[in-house]
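Enquirer: So the chains spell out like this:
2 protein chains.
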Amino acid sequence: MYKCSEDRMADKIKTMSQFGDAGHGGITRYSLSKENLMARAEFKRRMEAIGAKIKTDDMANMYATLEGSDPTLPAIVMASHSDSVRNGGNYDGILGVMGAMEVLETVAEQKIPHKHNLVAMIWTNEEGSLYPPAMMSSGVICNDYLPEEIGKKFKHEDMLASTSVLDKTKTFKEALEASGYKGDVANRLNPKDYKAMFELHIEQGPILEAANNDIGIVTCVLGMINYRIKTFGQSDHAGTTPMPYRKDALYAAAKLLQYLHDELDKLDKALVYTTGEIVCHPNVHTVIPDFVEFSIDARHEDPKVIEQVVEVIKDMPKEIVGCTTGYERAWSRDTVYYDEKLVGYVTEAVNELGYSNQRINSGAGHDAQFVSYMMPTTMIFVPSKDGHSHCEEEFTPVEQCTKGASVLLNAVLKCDAQ
Amino acid sequence: MYKCSEDRMADKIKTMSQFGDAGHGGITRYSLSKENLMARAEFKRRMEAIGAKIKTDDMANMYATLEGSDPTLPAIVMASHSDSVRNGGNYDGILGVMGAMEVLETVAEQKIPHKHNLVAMIWTNEEGSLYPPAMMSSGVICNDYLPEEIGKKFKHEDMLASTSVLDKTKTFKEALEASGYKGDVANRLNPKDYKAMFELHIEQGPILEAANNDIGIVTCVLGMINYRIKTFGQSDHAGTTPMPYRKDALYAAAKLLQYLHDELDKLDKALVYTTGEIVCHPNVHTVIPDFVEFSIDARHEDPKVIEQVVEVIKDMPKEIVGCTTGYERAWSRDTVYYDEKLVGYVTEAVNELGYSNQRINSGAGHDAQFVSYMMPTTMIFVPSKDGHSHCEEEFTPVEQCTKGASVLLNAVLKCDAQ
Numbered sequence: 001m002y003k004c005s006e007d008r009m010a011d012k013i014k015t016m017s018q019f020g021d022a023g024h025g026g027i028t029r030y031s032l033s034k035e036n037l038m039a040r041a042e043f044k045r046r047m048e049a050i051g052a053k054i055k056t057d058d059m060a061n062m063y064a065t066l067e068g069s070d071p072t073l074p075a076i077v078m079a080s081h082s083d084s085v086r087n088g089g090n091y092d093g094i095l096g097v098m099g100a101m102e103v104l105e106t107v108a109e110q111k112i113p114h115k116h117n118l119v120a121m122i123w124t125n126e127e128g129s130l131y132p133p134a135m136m137s138s139g140v141i142c143n144d145y146l147p148e149e150i151g152k153k154f155k156h157e158d159m160l161a162s163t164s165v166l167d168k169t170k171t172f173k174e175a176l177e178a179s180g181y182k183g184d185v186a187n188r189l190n191p192k193d194y195k196a197m198f199e200l201h202i203e204q205g206p207i208l209e210a211a212n213n214d215i216g217i218v219t220c221v222l223g224m225i226n227y228r229i230k231t232f233g234q235s236d237h238a239g240t241t242p243m244p245y246r247k248d249a250l251y252a253a254a255k256l257l258q259y260l261h262d263e264l265d266k267l268d269k270a271l272v273y274t275t276g277e278i279v280c281h282p283n284v285h286t287v288i289p290d291f292v293e294f295s296i297d298a299r300h301e302d303p304k305v306i307e308q309v310v311e312v313i314k315d316m317p318k319e320i321v322g323c324t325t326g327y328e329r330a331w332s333r334d335t336v337y338y339d340e341k342l343v344g345y346v347t348e349a350v351n352e353l354g355y356s357n358q359r360i361n362s363g364a365g366h367d368a369q370f371v372s373y374m375m376p377t378t379m380i381f382v383p384s385k386d387g388h389s390h391c392e393e394e395f396t397p398v399e400q401c402t403k404g405a406s407v408l409l410n411a412v413l414k415c416d417a418q
Numbered sequence: 001m002y003k004c005s006e007d008r009m010a011d012k013i014k015t016m017s018q019f020g021d022a023g024h025g026g027i028t029r030y031s032l033s034k035e036n037l038m039a040r041a042e043f044k045r046r047m048e049a050i051g052a053k054i055k056t057d058d059m060a061n062m063y064a065t066l067e068g069s070d071p072t073l074p075a076i077v078m079a080s081h082s083d084s085v086r087n088g089g090n091y092d093g094i095l096g097v098m099g100a101m102e103v104l105e106t107v108a109e110q111k112i113p114h115k116h117n118l119v120a121m122i123w124t125n126e127e128g129s130l131y132p133p134a135m136m137s138s139g140v141i142c143n144d145y146l147p148e149e150i151g152k153k154f155k156h157e158d159m160l161a162s163t164s165v166l167d168k169t170k171t172f173k174e175a176l177e178a179s180g181y182k183g184d185v186a187n188r189l190n191p192k193d194y195k196a197m198f199e200l201h202i203e204q205g206p207i208l209e210a211a212n213n214d215i216g217i218v219t220c221v222l223g224m225i226n227y228r229i230k231t232f233g234q235s236d237h238a239g240t241t242p243m244p245y246r247k248d249a250l251y252a253a254a255k256l257l258q259y260l261h262d263e264l265d266k267l268d269k270a271l272v273y274t275t276g277e278i279v280c281h282p283n284v285h286t287v288i289p290d291f292v293e294f295s296i297d298a299r300h301e302d303p304k305v306i307e308q309v310v311e312v313i314k315d316m317p318k319e320i321v322g323c324t325t326g327y328e329r330a331w332s333r334d335t336v337y338y339d340e341k342l343v344g345y346v347t348e349a350v351n352e353l354g355y356s357n358q359r360i361n362s363g364a365g366h367d368a369q370f371v372s373y374m375m376p377t378t379m380i381f382v383p384s385k386d387g388h389s390h391c392e393e394e395f396t397p398v399e400q401c402t403k404g405a406s407v408l409l410n411a412v413l414k415c416d417a418q
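In order, the protein sequence lines correspond to chains A and B.
Residues 1 to 418 in UniProt numbering are what the first sequence lists, from first letter to last.
Residues 1 to 418 in UniProt numbering are what the second sequence lists, from first letter to last.
Bound conformation, chain A alone (with noise of 0.2 Å):
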């Protein structure tokens, strides 16, 4: 079995983690950023040292392929992004990065032979923070593959002409035009030059630290609903307004998101939901609520258990505390299975290098989930302490990112050897 250099690994880190360093652990680093470049000129700098070829797309996706023996043979691309959230950590997505460089760095240090083109890749713009959506280039790129509800929100056009939540007066075209790295359309991933991709992640979770385990095969990215739930009462004066007369939708509120708890928590344990945002109107302090909406995003991987979600809003009473009650379906995605065969390679060389794991699922959506309906697509993670990420304490100490390196090393050799 081949092994990454941590030290060249913690030197990566230590580079990278200074583009758009925020002062207190973590950074700010919106794609096409300065700071987005300079990091991505540090993957240029570094994948032409040890003679990679660099490319781009026409969405600024940027390519360093390592030539194989027969050249002619579908390109194996390791891949994530190298932007961040607003005060974000320094290892989502970048971490998927540097293992990609290490993984090139390795094998031309080490000689490592191997017959398919071996390709280190960056996404754009996949936080979608300062242009969004989320996940931006991927739905272009693998738009065509798709499920439709999915692919009408990433329409090419629409994405260009995403405004900047700084600057409503920019967009995320005069972005990519300014960028320096905007290329031929000609050169996007695709699954006739390409035969397979992986993507190395943090978990953004408390499972793999919990369990005490390096690294965690990913199976699936978790099927999920969205919904919008609703209570509609009266608005009237707080002070004038006696207490049995009062429709008070906020209350209505409190009440159908506790009953919302109680009953989803009857179902599967492996069921995760969040009610993350509400919406209060007019939302003074001296007027009795007249509307609340919020938010409930449920994620299994069971389709059966999502539908026992869905059976439980339809379910919600109708009347609550005076107030009548609403849903509306805002968004799903079916469960999306990651390649057997390449689940299997990661498998056998986390097995092979002894590395302590386990199978898991994705929570949180990645770029790796829209390529997997257009090519042969898996998933490693390596722990995140204490389960946080998209914050400034985002860590995975260098032994754990290296190891993880190591996995998608190994596993790229197993399905370069098919």
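Don't read these hints as lab results, they were simulated from the structure.
Treat the hints with caution; some may be incorrect.
If chains are identical, the list can't say which one is meant, so a pair holds when it fits in one copy or spans any two.
[What the hints assert, rightly or not] Cut-off 20 Å, straight-line C-alpha distance, at most; resulting in silico cross-link-like pairs (EDC-like, lysine to aspartate or glutamate):
(1) K168 - E157
(2) K269 - D302
(3) K385 - D290
(4) K155 - D262
(5) K230 - E277
(6) K414 - E48
(7) K14 - D302
(8) K269 - D184
(9) K34 - D167
Mind docking chain B on chain A? Use the hints.
Expert: Positioned in the frame of chain A, the structure of chain B alone reads:
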């Protein structure tokens, strides 16, 4: 007993309802807006037509004075406001102005003898909808008499510096200068030149209507406290964090809100309390909330009951579903009792007129509440259809509006006789 004219009252309601007509039954008539200046011009026109003299003070409060047989005596003033909230109704505030106009018109028409000067007055910017805060002018004019905690929120220079909620570059001072209604500081309402203030207003609640009473004899403005209730959780990813690991600040807030309802419902039945505002962070449907804050506004005549509310808040659980809780006292006022003598005049007047009536308290704040710290003051309520106010559905039949004006007239004449 003298009675006001229903026809003349109906004509005033119809006319005033045009100034700021939003096209669907209500008005938007911010203080000192174009629409508001039209209402002021109409007030001036009608009052001058009956021989009243117009003056304004430095806050653009307008005074129309009908001279009494002994102009050396302190004047009796009838006042309310002519501005509205956004998409407000045709009665809140302006009814008290129209009632005062109607009293003077009746006095003039019927040549009713009176010793004291009688004054119809418009308070500037009671709603504070464009230039916060509410009750701005009475807060300034009565500042020296207000409790310290309240007075410091209405310092003259701070009020002049208040910026428009629609255009932060515009100040209230500029609106005042541009209005053409800014007058002399010497013209301010004061306890030397004025004997008493009466304010006719809609109830803004359902009590009079439910009891089928035409008139509410207002005895006090309810004491109140305002708290900010907080829950602190942990922000984690909606898809990757198993339920037992979560510290969901919104779920904790829902439970705390229910707890407060349960405990407060055990207190006196006349207590009103409202959780009208909620803020959730980061308020994203895919992220577990780490911080939620909601307001609680509680009002009761008896300070002992308010003290019980304080105890409930102090005793609330320090931890709920893994989240810590906290609270912050935001604002409070003691119950303000109206002047006993004036309440007596209103009571005699309404009984002599034979109108159905009851004693009632005011849960909402009014300019009269601030004036009552400075000089004898009281209020008269008429019913609000379905208890609604601060909305376009606001309605009081013209018969009841006129009855309110008749009670005002006769109560003022009783005051004049003393």
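Enquirer: Are the hints correct? Go through all of them and say.
Expert: Against the structure, the hints:
no. : hint        : result
1   : K168 - E157 : within (17 Å within a copy, 36 Å between copies)
2   : K269 - D302 : within (12 Å within a copy, 49 Å between copies)
3   : K385 - D290 : between (42 Å within a copy, 18 Å between copies)
4   : K155 - D262 : neither (39 Å within a copy, 50 Å between copies)
5   : K230 - E277 : both (12 Å within a copy, 16 Å between copies)
6   : K414 - E48  : neither (25 Å within a copy, 97 Å between copies)
7   : K14 - D302  : neither (40 Å within a copy, 64 Å between copies)
8   : K269 - D184 : neither (47 Å within a copy, 73 Å between copies)
9   : K34 - D167  : within (16 Å within a copy, 33 Å between copies)
Consistency with the previously given hints fails for numbers 4, 6, 7, 8, ordered from lowest to highest.
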